[in-house]
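S.K.: In the numbering used here, the protein residues as written are 5 to 89.
Hint data in this document are derived by calculation from the structure and do not stem from the laboratory.
Quick caveat: nothing in here was measured; it's all calculated off a predicted structure.
It is possible that some hints are incorrect.
As the list claims (entries may be wrong) - Heads up, simulated EDC-like pairs for lysine to aspartate or glutamate below, C-alpha to C-alpha not over 20 Å straight-line: (1) Lys-7 <-> Asp-25; (2) Lys-7 <-> Asp-68; (3) Lys-7 <-> Asp-67; (4) Lys-7 <-> Asp-69; (5) Lys-31 <-> Glu-59; (6) Lys-7 <-> Asp-79; (7) Lys-7 <-> Glu-36; (8) Lys-31 <-> Asp-68; (9) Lys-31 <-> Glu-17; (10) Lys-31 <-> Asp-69; (11) Lys-31 <-> Asp-79; (12) Lys-31 <-> Asp-11; (13) Lys-7 <-> Glu-59; (14) Lys-31 <-> Glu-72.
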Amino acid sequence: MTKWIVDDTRAVEPTPGADCDTSYMLKLSRGEQRARSRVEFTAPSSVASNGWAREALAPFLADDDPPERLIVSLDGTVRVASDAV
């Protein structure tokens, strides 16, 4: 199956109640399909950037459904966030 393509990345407000201070929304496409993924950086974020948000999502771009939300920890590890904050 074709990988998702990142069409756009924009800074957005972090999820309320999350211990994150920086957040990016990535708009994705695969053919006619569209999706969005949010990549958030744990506070205090010193490595947060548009490029690092794309890099954090890259391993998931071959998935059928990309994660809706990822958290990048202070040590740089990436995890899929649950819906609960």
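S.K.: Are the hints correct? Go through all of them and say.
M.R.: Hints, one by one, checked against the model:
Between Lys-7 and Asp-25, the direct Cα distance comes to roughly 29 Å. Violation of the 20 Å bound is thereby established for this hinted pair. Restraint check for Lys-7 and Asp-68: the C-alpha separation of about 9 Å stays at or below 20 Å, so the hint holds. Between Lys-7 and Asp-67 the alpha-carbon distance is near 7 Å, which keeps this suggested pair within the 20 Å criterion. Under the criterion of a C-alpha separation no larger than 20 Å, the hint pairing Lys-7 with Asp-69 is consistent with the structure, at around 10 Å.
Simply put, Lys-31 and Glu-59 have alpha-carbon atoms about 14 Å apart, close enough for the 20 Å limit, and the pair holds. In summary, the hint linking Lys-7 to Asp-79 is not supported, as the alpha carbons are separated by about 27 Å, beyond the 20 Å threshold. Restraint check for Lys-7 and Glu-36: the C-alpha separation of about 13 Å stays at or below 20 Å, so the hint holds. At roughly 15 Å between alpha-carbon atoms, Lys-31 and Asp-68 fall within 20 Å of each other, so this suggested pair holds.
Pair hint Lys-31 plus Glu-17 holds up; C-alpha atoms about 15 Å apart against a cutoff of 20 Å. Note on Lys-31 and Asp-69: the hinted pairing holds, with a Cα-Cα distance of about 13 Å set against a maximum of 20 Å. For the hint pairing Lys-31 with Asp-79, the CA-to-CA distance comes to about 25 Å; that exceeds 20 Å, so the pair is violated. At roughly 6 Å between alpha-carbon atoms, Lys-31 and Asp-11 fall within 20 Å of each other, so this suggested pair holds.
The hinted pair formed by Lys-7 and Glu-59 meets the criterion: a straight-line CA distance of about 14 Å does not exceed 20 Å. For the proposed pair Lys-31 and Glu-72, the alpha carbon gap of about 11 Å is at most 20 Å, so the pair holds.
In summary, the numbered hints that this structure violates are 1, 6 and 11.
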